[in-house]
Amino acid sequence: MAVILLPSLLAREAGGEGRFEIDAPTVRDALRELPVRDLLFDERGELRPLVNVYVNSVQADDLEAPLEPETEIRLVAAVAGG
Amino acid sequence: MGAAVLVGTRKGLFVLTSDETRRNWSVEGPHLTGWEVFHAMRDPRTGVVHAATNNWVYGATAHRSPDLGESWERAEGIGLPEESGLTWEKSWHVEPGHADEPETLWLGGTPGALFRSGDGGSTWEPVQSVIEHPTREQWNPGAGGLCCHSIQVDPSDPQRLYIAISAAGTFRSDDGGESWAPKNTGVAADFFPDDNFPEVGQCVHKLLVHPAKPERLWQQNHCGVYRSDDHGDTWERLEGNGLPSGFGFPIALDPADPDAAFVVPEEGAENRVTPGGRLGVYRTRDGGASWELLENGLPQQAWQSVMREGMSFDRLDPVGIYLGTQSGSVWISPDAGGEWIEAAAYLPTVLSVEAAEWP
Numbered sequence: 034m035a036v037i038l039l040p041s042l043l044a045r046e047a048g049g050e051g052r053f054e055i056d057a058p059t060v061r062d063a064l065r066e067l068p069v070r071d072l073l074f075d076e077r078g079e080l081r082p083l084v085n086v087y088v089n090s091v092q093a094d095d096l097e098a099p100l101e102p103e104t105e106i107r108l109v110a111a112v113a114g115g
Numbered sequence: 112m113g114a115a116v117l118v119g120t121r122k123g124l125f126v127l128t129s130d131e132t133r134r135n136w137s138v139e140g141p142h143l144t145g146w147e148v149f150h151a152m153r154d155p156r157t158g159v160v161h162a163a164t165n166n167w168v169y170g171a172t173a174h175r176s177p178d179l180g181e182s183w184e185r186a187e188g189i190g191l192p193e194e195s196g197l198t199w200e201k202s203w204h205v206e207p208g209h210a211d212e213p214e215t216l217w218l219g220g221t222p223g224a225l226f227r228s229g230d231g232g233s234t235w236e237p238v239q240s241v242i243e244h245p246t247r248e249q250w251n252p253g254a255g256g257l258c259c260h261s262i263q264v265d266p267s268d269p270q271r272l273y274i275a276i277s278a279a280g281t282f283r284s285d286d287g288g289e290s291w292a293p294k295n296t297g298v299a300a301d302f303f304p305d306d307n308f309p310e311v312g313q314c315v316h317k318l319l320v321h322p323a324k325p326e327r328l329w330q331q332n333h334c335g336v337y338r339s340d341d342h343g344d345t346w347e348r349l350e351g352n353g354l355p356s357g358f359g360f361p362i363a364l365d366p367a368d369p370d371a372a373f374v375v376p377e378e379g380a381e382n383r384v385t386p387g388g389r390l391g392v393y394r395t396r397d398g399g400a401s402w403e404l405l406e407n408g409l410p411q412q413a414w415q416s417v418m419r420e421g422m423s424f425d426r427l428d429p430v431g432i433y434l435g436t437q438s439g440s441v442w443i444s445p446d447a448g449g450e451w452i453e454a455a456a457y458l459p460t461v462l463s464v465e466a467a468e469w470p
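Protein chains in written order, with the numbering used here: chain A, 34 to 115; chain B, 112 to 470.
Worth flagging that the hints you see were computed from the coordinates, not collected in a lab. For clarity, every value in this text was computed on a predicted model and none was experimentally measured. All residues carry an ideal CB built from backbone N, CA and C; glycine is no exception. Just to be clear, a hint being listed does not mean it is correct.
Covered stretches of chain A, going by a simulated chain B footprint (3 or more residues, C-beta under 8 Å) [to be verified]:
(1) 37-46
(2) 81-92
Pairwise CB distance ranges, derived in the manner of DEER restraints [to be verified]:
(3) 109/A to 234/B: 44 to 50 Å
(4) 111/A to 233/B: 51 to 57 Å
(5) 36/A to 187/B: 23 to 29 Å
(6) 66/A to 181/B: 41 to 47 Å
(7) 111/A to 428/B: 49 to 55 Å
(8) 292/B to 65/A: 29 to 35 Å
(9) 187/B to 40/A: 20 to 26 Å
(10) 58/A to 181/B: 36 to 42 Å
(11) 396/B to 49/A: 49 to 55 Å
(12) 66/A to 310/B: 46 to 52 Å
(13) 48/A to 112/B: 27 to 33 Å
(14) 36/A to 181/B: 28 to 34 Å
So here's chain A without its partners, still in its complex pose:
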C-alpha cells in the first residue's frame, strides 16, 4: 500500500482530497489510479515533463519500479513560472 500526496491544485481537482492510499504493482500503476491521472499523464500515457514524482523523498526516474509496501509518493510541480 502506497500513500500518495498531492499538491494543492491537484487536491482541489481530486475533490478536495490530497492524500490517497493505493495498492498497485508499480509507481506508474499507482499514479494511474488517481482521479487526476489526466493531469499527470498526456493522452499518450507520458508523464507530463514538469510533473516530478518523489518516491520516499527520492526523485523517481523509473515509474515502472515495483511499489514497495509503506511507500510514500509525493507529486511536486517543477519550480518555475511567474
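Take the given structure of chain A and dock chain B to it, following the hints.
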C-alpha cells in the same frame, strides 16, 4: 435577470456582475485558481458555466460549473488520437452548440484541433475532419500556437459551422462538422513572400457571425478587418476611412445592427499596442465603410493590448460592449460605445471577456 461578464485571466476566472443599467459592477472571484482561463462562457441554453483551462504543468482541459462557480467539474481526459501524431496542448475557446442541440458544445485549441461534446461538456471527442484536413500541412502556427480560437454556429442552420485557426484561416462546414471548406477568398496573407491570397494560411485573429443576419461574417485578421455577406464565400477588406491600423485581435458586434462592429486596433504586428498612445475603440455603423474613434471615458494616455478573446457584447438594448486589457482592466460601455466605465482594475492579465445573463 442581471448582467455579467466572465473574465478569464492568467490566474483564474473572475465574474463581474451588475444590474441591467451596467453602470455599477461587483467583482467576484477568483474561481479556478491555478488555471489560466483562456475563455469562459455561460451557456444560455442551460445556465452552465464552461471554461477552457490550461496549466503550465498539468496541461489543457475544460471545466464546467452547474451552480455559477460554486463547484467545478473537470472534463474527462481530453486527447487527440495516437495515429494523428498530435497531442492536445492548449484549450482556447468553448462555444455552445445550436439552440436545438442543448447538450452539444464545441471546444477549440492547439494544435489546430476541434472537439465536440454531446453530453454537456462532460466528455469530448476530437473532430477527425479537422485533424485530417487535407490542407493541414499548409497551416503554420502563429505566436499563440496553431490555435483554433473561433467557433461559430449559424443560428439559422445547425449544420452550418465555422472555425478559424491561426494561421490556417477560416473554414466552413455545411454538414455539422463532417467536412470543412476553406473560406478565405479575398483575405490577405501579406506575410507570405509570393502568393498573398492563398487558399489557406491566413492569420485570422477573431471570427464572428452576426446573430441576426447569419450570412454576414466579420473578422479581425493579422492583415486587416473584413466583412463577408455570403457565409464566408468572399470577403471585403474594410480598413481605411478612419481606422488607424488593420492590425488587431478582438472584434465585437451589435445584435440589433448588422452594420455595426467594434475593434481595438494595434499599431501593427511589430508593435502590438494601441495607436496614438491612448486606448481607443473604433466603431463602424455602415458595414465598415467608415470608422469612428470612441474614447469617452477611456484613458487618454495608455499603451494597451487586448487579446483576441478580450472583447464581447451582450444582448441588451442598447448593446453593451466589454473590453479586457492585458494590464488587468475591464472596460464596459453600457450604450454601444458612447461612454466607457472601468468596471475592474488590477486584475491579472485578462485573456478573455464574455458577456452573460446572470440570475
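Status of the hints after comparison with the structure:
Counting residues of the region 37-46 of chain A whose C-beta sits closer than 8 Å to any C-beta of chain B gives 5, which meets the bar of three, so the coverage hint holds. Coverage of the region 81-92 of chain A by chain B holds. Counting CB-CB distances below 8 Å, 3 residues qualify, and the rule asks for three or more. Range check, residue 109/A to residue 234/B: Cβ separation about 30 Å, and the 44 to 50 Å hint is violated. The hinted window of 51 to 57 Å between residue 111/A and residue 233/B is violated, with their beta carbons roughly 30 Å apart.
A C-beta distance of roughly 25 Å is found between residue 36/A and residue 187/B, which places it inside the suggested range of 23 to 29 Å. Between residue 66/A and residue 181/B, the C-beta spacing of about 28 Å breaks the proposed range 41 to 47 Å. For the pair residue 111/A and residue 428/B, the supplied restraint of 49 to 55 Å holds, since their beta-carbon distance comes to about 50 Å. Hint check: residue 292/B to residue 65/A, Cβ distance near 41 Å, so the stated range 29 to 35 Å is violated.
The supplied range of 20 to 26 Å is met by residue 187/B and residue 40/A, whose beta-carbon atoms lie about 21 Å from each other. The hinted range of 36 to 42 Å is satisfied by residue 58/A and residue 181/B, whose Cβ atoms lie roughly 39 Å apart. Range check, residue 396/B to residue 49/A: Cβ separation about 51 Å, and the 49 to 55 Å hint holds. The supplied range of 46 to 52 Å is met by residue 66/A and residue 310/B, whose beta-carbon atoms lie about 48 Å from each other.
Evaluation of the 27 to 33 Å hint for residue 48/A and residue 112/B yields a pass: the beta carbon distance comes to about 32 Å. For the pair residue 36/A and residue 181/B, the supplied restraint of 28 to 34 Å holds, since their beta-carbon distance comes to about 30 Å.
The structure fails to meet hints 3, 4, 6 and 8 from the earlier list, while all remaining hints are met.
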